[in-house]
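Throw the hints in and build the complete structure from the sequences for me.
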Amino acid sequence: MEVVFERIVKKYGDVTAVGGVDLTIKSGALHFLLGPSGCGKTTMLRMLAGLEAPSSGRLLFNGKDVTNLPAAARGIGMVFQNYALWPHMTVRKNIEYGLTVQKMSSDQIRQRTDEALAITQLSRYGDRLPGQLSGGQQQRVALARAIAVRPTVLLLDEPLSNLDAQLRLEMRDNLSRIHKQLGITTVYVTHDQKEALSMGTDVSVFRAGQLIQTDPPRQLYHAPKSAFVARFVGETNLLTATYLGHKDGLHSVKTTIGAIDASRSMTSAKVGDPVTVSFRPEAVKLNLGGGDIASDNRLTLKLDHLTYLGESEQFQLMGQDGTLVRASVFNPPDHTLAVGDTVAAWVAAEDVLVLPTETDQPAST
Amino acid sequence: MTAATGARRHFALTENLIGYGTILLILGVLVAFLIAPVAVILVKAFRGPDGFTLEYFQLLFQNELHMEATVNSLALGLVTVLATTVIALPLALVNAKLEFPGKTLLTGLLLMPMVMPPFVGAIGIQRFFARRGVVNLFLMEFGLTDAPIEWLEGSRIFWAVALLEALHLYPILYLNLTSALANIDPSLDDVADTLGVSKWKRLKDITWPLARPGYFAGAIIVFIWAFTDLGTPLLVGYQQALPVRIFNMISDVNENPMGFALVVLVIVMTLVIFFVSKLALSGRKYEMMARGHVTNRVQKLNFVGALPCYLLLGFVILLAVTPHLSVALTSFSDNWFMTILPEHYTLEHYHQVLATELPMIGIKNSLLFSGLSTLVDLFLGVLVAYVIARKIVPFTGLLEGVTMMPLALPGIVLAFGYVVTFTGTPLDPFINPMTLLIIAYAIRRLPYMVRAATAGLMQTSRSLEEASMVFGASRFMTLRRITVPLIAANLVAGCLLCFAYAMLDVSDSLILAMKDQYYPLTKAIYALFLEQGSGELTASALGVLGMILLAICLLGASRVLGKKMGELFRS
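Protein chains in written order, with the numbering used here: chain A, 1 to 365; chain B, 366 to 936.
Be aware that one or more of the hints could be misleading.
[As the list claims (entries may be wrong)] Cut-off 20 angstroms, straight-line C-alpha distance, at most; resulting in silico cross-link-like pairs (SDA-like, lysine to any residue):
#1 Lys-302/A <-> Ser-265/A
#2 Lys-285/A <-> Ile-212/A
#3 Lys-247/A <-> Glu-235/A
#4 Lys-462/B <-> Val-480/B
#5 Lys-93/A <-> Thr-843/B
#6 Lys-93/A <-> Lys-729/B
#7 Lys-756/B <-> Leu-672/B
#8 Lys-756/B <-> Lys-194/A
#9 Lys-93/A <-> Gly-135/A
#10 Lys-93/A <-> Val-556/B
#11 Lys-93/A <-> Leu-844/B
#12 Lys-93/A <-> Phe-841/B
#13 Lys-756/B <-> Arg-326/A
#14 Lys-194/A <-> Glu-311/A
#15 Lys-103/A <-> Thr-843/B
#16 Lys-462/B <-> Leu-672/B
#17 Lys-26/A <-> Gly-135/A
#18 Lys-103/A <-> Leu-844/B
#19 Lys-93/A <-> Asp-555/B
#20 Lys-93/A <-> Gly-63/A
#21 Lys-247/A <-> Ala-348/A
#22 Lys-756/B <-> Ser-55/A
#23 Lys-756/B <-> Asp-248/A
#24 Lys-225/A <-> Ser-265/A
#25 Lys-11/A <-> Arg-846/B
#26 Lys-93/A <-> Glu-831/B
#27 Lys-665/B <-> Asp-555/B
#28 Lys-665/B <-> Leu-829/B
#29 Lys-103/A <-> Lys-756/B
#30 Lys-729/B <-> Glu-831/B
#31 Lys-26/A <-> Thr-214/A
#32 Lys-103/A <-> Glu-464/B
#33 Lys-11/A <-> Lys-756/B
#34 Lys-11/A <-> Ile-757/B
#35 Lys-26/A <-> Ser-55/A
#36 Lys-93/A <-> Pro-850/B
#37 Lys-302/A <-> Met-318/A
#38 Lys-103/A <-> Lys-729/B
#39 Lys-93/A <-> Val-849/B
#40 Lys-93/A <-> Asn-797/B
Note that these hints are calculated values from the structure, not bench results. All figures in this text were calculated on a predicted structure; none of them were measured in a lab.
Listed below in structure tokens is the structure:
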């Protein structure tokens, strides 16, 4: 089932929750709506479900206009953030509910329910009440309930946010597995970019009611189109710079800590324009044993702060004017660097990206 | 496309059916049975044989007896407010500032009068304050007086009524004051301490002005109730009270239109008092400036130090239960005459209740009428609460306001309106008051059911209903299988309350039940009370049974609702 949002707007009085979004969700995708709190992603999901009506714009399921179709008629399945399990019904009855509405025979209902319980590994818990289950089990019941009705679109509203870290990782694997097994078009709302990167086939980043960028995870991480996305998905170093020019396939910029060459640009800047340059901490190479590395973009910085994390070591480096550059070294060797030492750092041009300068202030949510 | 359009139309229809259908239904019911009766009174008060006239009002103001009754009732309201203040203020201060063993129990007992119908207490007052009544005997026994004091003669009867009203109403003021004092930031007290302000000055200049809005909110309720209460002055025999005069005029009101003018006078005065006080006195809600958790500074007293508190609380509680205690004693007494306490006890009067026709009619009728009115309340109340709480349509504010109107309207006004509006119609109370009584009970109790259902809906997450709809259920099915089961406890509590208060309803029952075969419980008590001989005793037994029923229902409701009970009683 392909879902298309066509110029969707949602306003609550004077507040614009979603301002003119065009988005296509491919059939069979596990499509993430990612963004900070208040960016409109949950509103998008609820409009998809039919729990809210858009102020303007159209919503299409496989080309059919369903904008004004009530929720009950859309054939979707949804997992709510707080699970919304009916406390006065057993697990089995919770799952059966959507099926009884469809007026199936009781044999069919039992069969579908057993299937759903098996897929979510809850076969032994059918007769328990939601109050007698752990958080993870409740989440799986909510999922079982949603897939039992064989929905055309499966909606997940921050399904893992109420679980502890360990459980979250487990459930991530479960959800991925179930998606691959059933192949249902799934729309998943979250603010956790790791979930999006690890599970999604496509990720749409939202900010303040606007859709900023939609791409598969790898592309999103390596080719963010704005500083916001670069910052939100993963960590990055962002430096203000002036565009110097384009020569030999490389974009040159001038920063306060020196000139840097980038192999890609997301802007159409002209010479002298202000831009932002981005490179990830893991792309910054340090020769901790001393000596030079044969690479581009040599930066000479002072070591400001060290954080040892076991699998990596985080170096916080400072330029002469106080600009901070963070470097992440995985599998860190022993070294003798101390705070205050001068450090040589390199970044490959392929790892540097020229981005447009942010004209507006980042939202302080 | 057609299937979707069909489904869309079907669901939109159901949505609107529940939303607008409920609004139309409830507005229809309230217009017919709340607004129309009042409107009819207003119209008839100003319409003479030749059109618009103020003649009735002129006659009214010239009628000495009516004017005297009006002044009496206003004075009654005022005196009651003062008396309840004198009782409630020290109690509230003690509750706010002191801590001592047994405080929870005692302060809980303070609220007992709220569940004890004053109507029943009024039965006991005669016996207590008669020439050879308990109080006089007690005083003479202990040599405090030589001759019996005429408590219920002449103007003194006013004070008997005022006392009964005050004893019934002080919990309202007490609750309002307690919450007002609890809201005052205790650091204000600390500041006063550091500045060396004396306790009295502190009370006068800081505590009182800040508690004032809460106080006046309660005082208005007390005033209006005391001003318009029918049951108590009627039973005590205080004829010169406004509600009693209205009651006596009902049977021939169409020949003597002055009755309409009198009722309009009551309406106007109630509204004026209500609005003036809302605007001028309780309008200002002081915002406490401090944020964050502040613990109230209470002074802890031990058993001995708290002795004055025990005396105070004990005295008030004793005073409050005295009328009802005397009714209970009467109901068990045998030949109680000229002694402080009965010398012989018997269950005879309870046998009489079961054996005599009138009490049994009263019980049966009340059970039937209250049961049916509770069902009506359940149906209407759930619909209204659902539409308001889930905002199914716009204008829910209007719906809410209209539904709560019965709380603001004095009992006699509405009952009077029913008589004049529905005489000559199929609902004529002179012929068969049953339907009208059921409707009157239902309308007056509807706000309680709506509040109980709303409380339940607020606690039930919307997402449980949204989940139901997402999985294909219509609103009807969602209501039936999800919402109602989840708020069932609140609905049960609401039903218990509606039933209990309908059973003990006074104004509608006394005024509308014109024929004795339709007498509800309260009217049967009244009729028995007026009978010569043992009528009073049977009435007492019946009254005690009524109180026990009320207590059981309230206990059941509070079990279910817990702390939320208080929310049902605010204005």
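Is the straight-line distance between the alpha-carbon of Lys-756/B and that of Leu-672/B 20 angstroms or less?
53 angstroms, violated
Between the alpha carbons of Lys-462/B and Leu-672/B, is the straight-line distance 20 angstroms or under?
Roughly 15 angstroms separates the two Cα atoms, so the pair holds.
Does Thr-843/B sit within 20 angstroms of Lys-103/A, going by the straight-line distance between their CA atoms?
16 angstroms, holds
Does Asn-797/B lie within 20 angstroms of Lys-93/A when you go C-alpha to C-alpha?
50 angstroms, violated
Proposed proximity, Arg-326/A with Lys-756/B (alpha carbon, max 20 angstroms)
Violated. Lys-756/B to Arg-326/A sits at ~51 angstroms, over the 20 angstroms cutoff.
Checking one constraint from the list: CA of Lys-103/A to CA of Glu-464/B, max 20 angstroms. Satisfied?
Answer violated: Lys-103/A to Glu-464/B is near 62 angstroms, above 20 angstroms.
Keeping to a limit of 20 angstroms between CA atoms, is the pair of Lys-247/A and Ala-348/A held or broken?
16 angstroms, holds
Given the hint that Lys-93/A pairs with Val-849/B, test it: the Cα-Cα distance must not exceed 20 angstroms.
With a Cα-Cα distance of about 17 angstroms, the restraint between Lys-93/A and Val-849/B holds, given a limit of 20 angstroms.
Is Lys-93/A close enough to Glu-831/B, meaning Cα to Cα at most 20 angstroms?
17 angstroms, holds
Hey, Lys-93/A versus Gly-135/A, does the alpha-carbon distance stay inside 20 angstroms?
18 angstroms, holds
20 angstroms Cα cutoff - pair Lys-462/B, Val-480/B:
Given that 20 angstroms is the threshold and the Cα spacing comes to 26 angstroms, the pair is violated.
Assess, step by step, whether the Cα of Lys-194/A is no farther than 20 angstroms from the Cα of Glu-311/A, and give holds or violated.
With a Cα-Cα distance of about 18 angstroms, the restraint between Lys-194/A and Glu-311/A holds, given a limit of 20 angstroms.
Checked against the numbered hints given earlier, the structure breaks hints 1, 2, 3, 4, 6, 7, 8, 10, 13, 17, 19, 20, 23, 25, 28, 29, 30, 32, 35, 38 and 40 and satisfies all the rest.
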